[in-house]
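*Asks:* Once you have looked at the hints, place chain R on chain B.
What follows is each chain in one-letter form.
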Amino acid sequence: MNPGYLTLIVFVPLLGAIVTALMPKDNIRAIRFSAAGFSFIALVLSAIVWIRYDTALAGMQFVEQATWIPSLGIKYFMGVDGLSLPMVFLTTLLTFLAVLASWNIKLRPKLYFSLLLLLEMGIAGVFTSLDLLLFFLFWEVELIPMYLLIVIWGGQRREYAAIKFVLYTLAGSALMLAGILALYFYADPIVSGRTFDMLELAKTNYTAQYGAAFSSVVFFLLLIGFVIKLPSFPFHTWLPDAHVEAPTAVSVILAGVLLKMGGYAIIRINASILPQALQDWSYLLAGLAVVSVIYGAATSMVQNDMKKMVAYSSVSHMGYVLLGIAALTPTSMNGAVLQMFTHGTITGMLFLLVGVVYDKAHTRLISEFGGLAKRMPLYAALFVTAGLASLGLPGLSGFVAEFTVFVGSYLNPNMQLFTIIAAAGIVITAGYITWMLQRVFFGPLRFGDAIKESEHIQDVRGLEVVPLVTLLAIIIAVGVYPSLVTDLINTGVAPVMTQFVKAGL
Amino acid sequence: MDSFSLEYLWLIPLLPFLAFVVIALFTRRWARLSAYISILAIVASLVVSAWALLSLVVAFLGHATGEELVKQVTLTWFSAGGVDFPIGLIIDPLTAMMLIVVTVISLLVQLFSQGYMVVKDDHGNLKKDPGYGRYFAFISLFTMSMLILVLANNFLQIYIAWELVGLCSYLLIGFWYDKTYPDGSISPAQAAKKAFLTTRLGDLGLLVGILIIYMTTGSFVFTDVEEAIKAGHLAGGLLTVAMIGVFLGAVGKSAQFPLHVWLPDAMEGPTPVSALIHAATMVAAGVYLVARTFEMFAASPDQQALLVVAYIGGFTALFAASMGLVMNDIKKVMAYSTISQLGYMMMGLGVGAYAAGVFHLFNHAFFKALLFLGSGSVIYAAHHEQDMRRMGGLGKRLPVTMITMIFASLALAGLPPFSGFWSKDEILAGAAGKDQLLYIVGSLAALFTAFYVFRAIFLTFTGEYRGAQGGYDAHGGHDDHGHGGHGGGLESIKESPLVMLIPLILLALASLFSGFLGSPFMGNAFQSFIEKGAELHEEINYTVMISSVLIAVVGISLASLVYYFKVIPADLISKPLPWLHAFVLNKYAMDDLYLWIVNNVVLGFSRAALWFDIHIVDGIVNAVASVIGGFGGTLRRVETGRAPNYGLAIFAGAIIISGILIFGGSPR
Chain B
1 MNPGYLTLIV
11 FVPLLGAIVT
21 ALMPKDNIRA
31 IRFSAAGFSF
41 IALVLSAIVW
51 IRYDTALAGM
61 QFVEQATWIP
71 SLGIKYFMGV
81 DGLSLPMVFL
91 TTLLTFLAVL
101 ASWNIKLRPK
111 LYFSLLLLLE
121 MGIAGVFTSL
131 DLLLFFLFWE
141 VELIPMYLLI
151 VIWGGQRREY
161 AAIKFVLYTL
171 AGSALMLAGI
181 LALYFYADPI
191 VSGRTFDMLE
201 LAKTNYTAQY
211 GAAFSSVVFF
221 LLLIGFVIKL
231 PSFPFHTWLP
241 DAHVEAPTAV
251 SVILAGVLLK
261 MGGYAIIRIN
271 ASILPQALQD
281 WSYLLAGLAV
291 VSVIYGAATS
301 MVQNDMKKMV
311 AYSSVSHMGY
321 VLLGIAALTP
331 TSMNGAVLQM
341 FTHGTITGML
351 FLLVGVVYDK
361 AHTRLISEFG
371 GLAKRMPLYA
381 ALFVTAGLAS
391 LGLPGLSGFV
401 AEFTVFVGSY
411 LNPNMQLFTI
421 IAAAGIVITA
431 GYITWMLQRV
441 FFGPLRFGDA
451 IKESEHIQDV
461 RGLEVVPLVT
471 LLAIIIAVGV
481 YPSLVTDLIN
491 TGVAPVMTQF
501 VKAGL
Chain R
1 MDSFSLEYLW
11 LIPLLPFLAF
21 VVIALFTRRW
31 ARLSAYISIL
41 AIVASLVVSA
51 WALLSLVVAF
61 LGHATGEELV
71 KQVTLTWFSA
81 GGVDFPIGLI
91 IDPLTAMMLI
101 VVTVISLLVQ
111 LFSQGYMVVK
121 DDHGNLKKDP
131 GYGRYFAFIS
141 LFTMSMLILV
151 LANNFLQIYI
161 AWELVGLCSY
171 LLIGFWYDKT
181 YPDGSISPAQ
191 AAKKAFLTTR
201 LGDLGLLVGI
211 LIIYMTTGSF
221 VFTDVEEAIK
231 AGHLAGGLLT
241 VAMIGVFLGA
251 VGKSAQFPLH
261 VWLPDAMEGP
271 TPVSALIHAA
281 TMVAAGVYLV
291 ARTFEMFAAS
301 PDQQALLVVA
311 YIGGFTALFA
321 ASMGLVMNDI
331 KKVMAYSTIS
341 QLGYMMMGLG
351 VGAYAAGVFH
361 LFNHAFFKAL
371 LFLGSGSVIY
381 AAHHEQDMRR
391 MGGLGKRLPV
401 TMITMIFASL
411 ALAGLPPFSG
421 FWSKDEILAG
431 AAGKDQLLYI
441 VGSLAALFTA
451 FYVFRAIFLT
461 FTGEYRGAQG
471 GYDAHGGHDD
481 HGHGGHGGGL
491 ESIKESPLVM
501 LIPLILLALA
511 SLFSGFLGSP
521 FMGNAFQSFI
531 EKGAELHEEI
541 NYTVMISSVL
551 IAVVGISLAS
561 LVYYFKVIPA
571 DLISKPLPWL
581 HAFVLNKYAM
591 DDLYLWIVNN
601 VVLGFSRAAL
611 WFDIHIVDGI
621 VNAVASVIGG
631 FGGTLRRVET
641 GRAPNYGLAI
651 FAGAIIISGI
661 LIFGGSPR
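Sequence order for the protein chains is B and R. Letter 127 of the first sequence, counting from 1, is numbered 127 in the working numbering, and no numbers are missing. Letter 447 of the second sequence, counting from 1, is numbered 447 in the working numbering, and no numbers are missing.
If you are wondering where the hints come from, they were derived from the structure by calculation, not from laboratory data. A couple of the hints might just be wrong.
[Unchecked claim] Pairwise CB distance ranges, derived in the manner of DEER restraints:
1) Gln156(B) / Ala608(R): 25 to 35 Å
2) His233(R) / Gln458(B): 54 to 64 Å
3) Asp459(B) / Trp10(R): 29 to 39 Å
Even glycine gets a Cβ: it sits at the ideal position worked out from N, Cα and C.
Looking at chain B on its own, in the form it has when it is part of the complex (with noise of 0.2 Å):
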């Protein structure tokens, strides 16, 4: 029985906006109960998907399909399977989260509540249509609430990045039309059909009808857009200016979800409809992914705004996960997914946590602070296990995927070289993160000019541990017990290796 559990999680955000929007405006606590209400039905009902999901009969399931414009063959067509469902389940958690962390705002909460929730709409559609128009639709969607976040709450430079945001994003979905409509007019009209469903779109082998050259040009219009979002070197960077003027909840929803966006379109539309095309260019994606690893550490190394290396950081993680897809085994595709996962845990906790600096002190800057350990000892410890989660350590789910990500990708012998070079961004990330840890949390209390009214620098309490202890139990759980997690994304990845074994590679 299937009452509808996707149309219902990406559609009661939207109700949630409308309900929010509709709220007296002096009424705060209104405003705020009915986005944290939404947001966590929204997340309810993932968890319902995450555990009726059926890992023993895997393939798509919970799926919707109706006609919408058959004369197109443009379906209204929905469904889960082990790649997408936690990422459904993460835009869910994370947006719940990210309400949390909003609490007590200020400026126009109305609207600002609402668009959280457009935003999870559109993220989570993304994450859920199997028709190609369905999810291009979510993806262009999605750009408009994330846009008017930043614009209207970001920092100094609000204007220069949601704008820079936008065109980069545009351009990148300009070409990923184009490379849809290929697909869609060139798909064989006997095995697939007129159709933008992608599950069968996938039955087409277009570089054996088109010819390498063809499927590679399609390839390259969709991968662009993709490779924007993750990002990767050297179309990446968008993504430090938007963090830094992002508020943290977005920011979170940015680096948690958003970028996955990248990574999962990769996996579900180059990978399972153009396998040809990708094994062709693995060295490509290889060499920008262990560029990415490197560049993004080593620039993360000479931040002194924690929020802007966090950012970077995310830039070097984010290479592992095209290492992983790149690399092409069962394994290494595996990882990249749980790599995704853990990112969107990890990341977002560290954007929390550099969030709630920053609402005490009103400065980021690695130079202002110093011992907070001190006066933050919880918060202090928070951080360090974040951070020590970033940096790979056992026990904690970043080490899971990265050690899985290497060693499927290891498996490959025309990856060896780019893993070890991949490995070796370990180093660096440990570098950079136990210095800023060094820096800002060890040694004497002290605060710099910038700070005013350092007294009011106190340890995290009550709401602001919610989040944090959250996502904190969820790292926890994956790197010690990663099947929770493993198990099912071995599911989804189990058929998008079969196109490759059928396309004959």
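*Replies:* For chain R alone, kept in the frame of chain B given last:
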């Protein structure tokens, strides 16, 4: 062996883990209770470990050999894309011995810490360190991690535990995290970071080694890998490369040249931590890893991998010992001594004297833990003074500490019948049979060792007390976590409390007796046990034995002539060759070299990357945007406030295009 069920083994790391969780979450504010919980857990682990060892010994005495003395279990932790990531336990003589070493030393160190981890309040009364609960939580976490490490039957798990002990080392070196020094010398937090990063560099080698091994043999489990190597799935140069990778991990963890630089600075941690982690157990993990994978090393063509181990170990033994000669901080002397002795063990393994290397690990754990705890007792009594130039004559005030430390020093110097003699002699005999150069290097290191440890003993315990004079600029008191200061003369120095002396006495007995287990009088029982009952064809090499005793005697005598009888001036060498003395005292400038590399190469590359990012990558992005009409205007006018409208217009366009596509596309 049959009397012992594998299931009980899980208890050994589980109990300290539970102690960690309970203390961290609930009891850390109750100092005394936290300590008791931690100690109770380690006692229980010790009992289970002893039971495991006993059942093995009983089997061994019943003439069980080879695989009959090995039990293991492998479970799947998780699987991803067809690769099973294992978790498992192994119990064999090597692991059983390590379990005892870890649990015993951990227990003694925790007992000692109860006395040591106190501070003076404003009225001069002793009270528990404010971080007392946290301290015991970390010690429990470390003990758990170390026990998982020695129980691991596969590379993945050993890598996990490897990183976890590294974490605990990081947390405990930086235990007094808020402390800095006015003269800018390395603070605990900096030392912790340095240790973590240096060892992680080595861990990268271990990781690559593991990747090669899994790729070629299809397993992480030690015994499977050994089988696969025998079957030729991993051989030749690639095997050598893989094992050198594994050895790099050991080089980092066991502070071998050139990654030894973190260990002396790790002395910023509390002294009992130095004894447990940075002398007896964690730093020995590298030696343990080589021992555990010894057959893989030995399988490399022409034993090249073992040769690398031998030469790195031999060089480190001598190199570190030479720095031990000139250090003034008592803990630094012990730190270099540890590096040197670990090099000895590596050299032993490298020349194929497998059992001897492991035997030395075993003996060293006790006598070096004692040297550190004894140093801790001295530091504690001497109001947190660590500089030996401000000590002297303490023997009269600290008789128990002095006598126990002399026991340990004799063991370290290798004088019979103390424990170090038996194992060191065997390592030298092994080297003599393999490579004369290594034998000479090892002998010279032994001479240095006997000299520096007795130099420390004489400077600390004999002669006139120099503490009240001051006069030395060098700051001691790195371990100065209290408010005691350097007040008071020799009369104010009192022997440490019983809770600290009992561990010293027990360890002194071990320093005297632990060597007998592997002595010829007992038929080299220890070695035979570790080799799982293999026939040992060890003949006593009397030349080596006599010369090594002579070397120890000469070293001790020289030290006494210089620092006790004072018939030889201490500056005999440093006066004519001041640059040499300064160079060695400056640790051969290796710290400066690394600092230069970090500041110029690593940070230089990072700054260049960031410059490239801002000016080239992002520069191109902005340039492209301004070239493409309209976009440029947008980016230039971003501060005008009209940009949002512009952006919205673009959205609207995108949506309309999508709409047309969906609803108005040409029918096909």
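*Asks:* Given a hint of 25 to 35 Å, does the C-beta separation of Gln156(B) and Ala608(R) actually sit inside it?
*Replies:* For Gln156(B) and Ala608(R) the Cβ distance comes to about 27 Å; the hint holds.
*Asks:* Confirm or reject the claim that His233(R) and Gln458(B) have a C-beta distance inside 54 to 64 Å.
*Replies:* Between His233(R) and Gln458(B), where Cβ atoms are some 59 Å apart, the hint holds.
*Asks:* Can you tell me whether the CB distance of Asp459(B) to Trp10(R) sits inside 29 to 39 Å?
*Replies:* About 37 Å separates the Cβ atoms of Asp459(B) and Trp10(R), which means 29 to 39 Å holds.
Hint compliance for this structure: every hint is met.
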